[in-house]
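**Student:** Listed here are the chains, written in short residue letters.
Protein chains: 2
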Amino acid sequence: MKAVILAGGSGTRLWPVSRYGLPKQFIKLNGGKSLLCQTVERLAAVVPLHDIFVITNADYRFHVQADLRSVSPAMEDNIILEPVGRNTAPAIALVMRYCLEKLKCGKDEVIFICPSDHIIEPVEKFAKYARQAETAAKAGAIVTFGIKPSRPETGYGYIKKGGKTAGNGGVCKVEKFAEKPNLKTAEKYLADGNYYWNSGMFSFTIATMLAEFKAYAPEISRRVPATLAKMTADFKNMPSISIDYAVMERSKKAAVLPIDILWSDVGSWDSLPEVIPPDADGNVKVGDVLALDTKRTIVMGEKRLISTIGLKDLIVIDTTDALLIVKRGQAQRVKEVVDMLKASKRKEVVEHLTTYRPWGYFTVLEEGPRYKIKHIVLKPGQKVSHQLHYHRSEHWIIVKGTARVTLGTTTSLVHENESTYVPQATEHRLENPGRVPLEMIEVQNGEYVGEDDIVRLADIYGRKNK
Amino acid sequence: MKAVILAGGSGTRLWPVSRYGLPKQFIKLNGGKSLLCQTVERLAAVVPLHDIFVITNADYRFHVQADLRSVSPAMEDNIILEPVGRNTAPAIALVMRYCLEKLKCGKDEVIFICPSDHIIEPVEKFAKYARQAETAAKAGAIVTFGIKPSRPETGYGYIKKGGKTAGNGGVCKVEKFAEKPNLKTAEKYLADGNYYWNSGMFSFTIATMLAEFKAYAPEISRRVPATLAKMTADFKNMPSISIDYAVMERSKKAAVLPIDILWSDVGSWDSLPEVIPPDADGNVKVGDVLALDTKRTIVMGEKRLISTIGLKDLIVIDTTDALLIVKRGQAQRVKEVVDMLKASKRKEVVEHLTTYRPWGYFTVLEEGPRYKIKHIVLKPGQKVSHQLHYHRSEHWIIVKGTARVTLGTTTSLVHENESTYVPQATEHRLENPGRVPLEMIEVQNGEYVGEDDIVRLADIYGRKNK
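From first to last, the protein sequence lines are chains A and B. Using the working numbering, the letters of the first sequence correspond one by one to residues 86 to 551. Using the working numbering, the letters of the second sequence correspond one by one to residues 86 to 551.
Check before you lean on any hint, since a few could be wrong.
If several chains are the same, the list does not tell them apart, and a pair holds so long as it fits within one copy or across any two.
Okay, derived cross-link-like pairs now, EDC-like style, lysine to aspartate or glutamate, Cα gap no bigger than 16 Å in a straight line [said to hold, decoys possible]: (1) Lys420 <-> Asp378; (2) Lys459 <-> Asp193; (3) Lys457 <-> Glu527; (4) Lys430 <-> Glu238; (5) Lys432 <-> Asp373; (6) Lys485 <-> Glu451; (7) Lys245 <-> Glu264; (8) Lys388 <-> Asp406; (9) Lys388 <-> Asp277; (10) Lys269 <-> Glu126; (11) Lys457 <-> Glu272; (12) Lys315 <-> Asp398; (13) Lys549 <-> Asp537; (14) Lys464 <-> Glu238; (15) Lys245 <-> Asp345; (16) Lys549 <-> Asp144; (17) Lys432 <-> Asp366.
What the hints contain is simulated information worked out from the structure, not anything from laboratory work. As the structure is a computational prediction, the values presented were derived from the model and not from experiment.
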């Protein structure tokens, strides 16, 4: 069995923490590991690490690589790259082609698909269910995972189970897939007992899924027999459609494994208490929070001190450049805010103040007319592209580690508490030859200090000028 | 008549905006001028600028000087310095000594005392009342200003007026001073019609006040005949007592001028709508605020984007390093938060990230192990003390203006986009010889980067090592 994690999403339902530049799956929401890392480690209880893959797009490639490396250096290339986003059905077609061609899988290989940004506990229980699903998948079913609902949730799709399938443990037929219900309907579903939350996880053999693609998604199906290279080149012509809509809701092979487990898709800030247990006053507090007479709130901060007095049923999400305060129960309306901010082209919905690059990351400490100040962290062994800027010069002061700096044709080492100066229009390159992260302060001066004033002459990460 | 503004307070009722390092009177709360500047300009409608003085302490001397200079360069030395804070009664004794000795006033000179951090409108009406009070003061009264209440306010002290005094316009006798009432009592006061808010402003002649000090505050009184120098040296031995308690509540000469004017002491965040009119939804919004379905809130930000959804009756005060969220009507409880933060020695109750110095100010952009990054602004013509540091070296990069830098025995000019390096334990001095503010980025490196690692060898502002 191969386990494949879908990690191409750029959800903003957890804005301002989750943004396009660093979306939810890469965030350390509970504890010290990203949701993607937690997902990888959970799957490791089911299959060996070398059978776990992540499908993502070019923008998130280096985030995924860093997360995989943190679990095991051997995993860093277990990445399937989607050339463009075309929803889940084409992505799964690409996964199958990858398995057949690169991993030399037979068509009877079981593939287990799961989202990258959910919380599931405990791991042992999850592993048991995953193996049960594998058995049913081998017998020809497309096995979805239905979570036993604990409340009349209106934020999830539902699966209504039918009768048990023969010889497949607890796996049942699917009577129907149901859209996100209103509260009344959700209450009916809960009382009924045959409705389960659609967790977005499913197992199938390549043969089964190929047959279903052929029957229900011929536009996608006819592109699968090509080579991986050809399929990739042609990917933009795939229809953009979800696997649920393209296959699941039509297939007669769809089955559901009802499971009873702690599960959350952390789909809005309202669901955070499912992941981080509230204290005695019903408050979920993350960061430097001083709460007086405050009940049933969710307060999540970073460095800043947050003081609350007399609050009830509120959500406060504080980041360096954007603060969100929303009445509890209304967190799905964050979408409205995000849409308004997008319409006015606000950078706060796209990027954080910290921007991630293949070689590390930088944080803009301050920006003013004719200058910009950055804190740059370059990972060990990495190098920034060989580049030049037409409109700005740069002062570099090393505060930690050692830099190898090339200016024109001269290369030298610059150590902690030393500085160097890169004049305007001078070719330069920054490398970290050392074993610890290189940290430096960059002061840019010039008539224009935008990120797009860059001419890349060479880049080990294959980036080109846009 | 001399007008004297009391500007030594360090109130934290408007925390986190008002802190010891830059308290309320120096803050631009409404519009572009500090409350102190607004106070000076209001008094300018009553007396010439050269008759307006500010009494403050050494910590606020340069703030006051900068504010006075912004009104008129000729005013910058109209400052009476309190050696230590001893509440208002000793302060007023010091003011009288200053007037007699430095300004050569006669004992029949009227002194008008007013706080530095109140809002009063319109100015013309205020000026008319101030002149009315002057007349009554000349006739021997200590004239307080009683504001006609517009609501049953529990945050102010009250003055109950008695019968009119003969020949003094609207000036009445004081029947009694009343402490801040509870709501029921405040409602009774409002219905009664004879109770007025105690505005903290009052007028008197030196002769009258000296006589009352002699009668009711002999401990203070006996120190007034000394020279200003002697009184200053002995100031720490003054009893710490308010003028209300020491004199007003006992004096038979206390009078009240009932006035009908827009007045606010902006005593808590709850009172901000008295100063900044709410919009159609009842919201007071300052800064970059996106409010959805939000009513009757006060949201005050700086640079950060603030988004609110579904909020009602809340106060949100956001500063660079501290965020306060409090239910409307409970803003006086900010005091509890401030006390808790003081107890745990949190810097957020004392200083802002921007620290003011006689020569300008600096903002800490980032601080980490072994380094600190500052944005420094040095005003034209100013110079930082001649100094050295034992534990850190400093990189200076000029982003605006020109610096004169002395390193050891060498002095040179450093221009925009140039940098210089100050090694550990090297004597150095930074000056701004130019006509525009000098802005620079300082990167400190060293085993210890605390502000107290400084040896001052010379300082034009008279500062010494502590």
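**Student:** Taking the hints in turn, state whether each one holds.
**Tutor:** Evaluated hints:
Taking the shortest alpha-carbon separations for Lys420 and Asp378, only the inter-copy value of 14 Å comes in at or below 16 Å, while the best intra-copy value is 30 Å. In the homo-oligomer, the alpha carbons of Lys459 and Asp193 never lie at most 16 Å apart, since the shortest distance is 52 Å inside one protomer and 63 Å across protomers. Taking CA atoms no more than 16 Å apart as the test, Lys457 paired with Glu527 passes in both settings, with 8 Å inside one copy and 13 Å between copies. Taking CA atoms no more than 16 Å apart as the test, Lys430 paired with Glu238 passes in neither setting, with 33 Å inside one copy and 45 Å between copies.
Taking identical chains as interchangeable, the C-alpha atoms of Lys432 and Asp373 lie at most 16 Å apart only when they sit on different chains, with a minimum of 13 Å there against 26 Å within one chain. Proximity of Lys485 to Glu451 under the C-alpha cut-off of 16 Å is restricted to the inter-copy arrangement: shortest distance 14 Å between copies versus 20 Å within a copy. Taking the shortest alpha-carbon separations for Lys245 and Glu264, only the intra-copy value of 11 Å comes in at or below 16 Å, while the best inter-copy value is 69 Å. For a Cα distance limit of 16 Å, the shortest separation of Lys388 from Asp406 qualifies both inside one copy, at 12 Å, and across copies, at 8 Å.
With identical chains, the CA atoms of Lys388 and Asp277 are never at most 16 Å apart, being 46 Å at best within one copy and 51 Å at best between copies. In the homo-oligomer, the alpha carbons of Lys269 and Glu126 never lie at most 16 Å apart, since the shortest distance is 38 Å inside one protomer and 63 Å across protomers. Taking CA atoms no more than 16 Å apart as the test, Lys457 paired with Glu272 passes in neither setting, with 54 Å inside one copy and 56 Å between copies. Taking the shortest Cα distances, Lys315 and Asp398 never come within 16 Å of each other, neither inside one copy (53 Å) nor across copies (60 Å).
Taking the shortest alpha-carbon separations for Lys549 and Asp537, only the intra-copy value of 12 Å comes in at or below 16 Å, while the best inter-copy value is 48 Å. Within a single copy, Lys464 and Glu238 get their C-alpha atoms no closer than 43 Å, and across copies no closer than 60 Å, so neither meets the 16 Å cut-off. In this assembly of identical chains, the alpha carbons of Lys245 and Asp345 lie at most 16 Å apart only when taken from the same copy (15 Å versus 72 Å across copies). When the C-alpha separation of Lys549 and Asp144 is checked against a cutoff of 16 Å, the pair qualifies only within one copy, where the shortest distance is 14 Å, while the shortest distance between copies is 55 Å.
Taking the shortest Cα distances, Lys432 and Asp366 never come within 16 Å of each other, neither inside one copy (36 Å) nor across copies (28 Å).
Checked against the numbered hints listed earlier, the structure breaks hints 2, 4, 9, 10, 11, 12, 14, 17; every other hint is satisfied.
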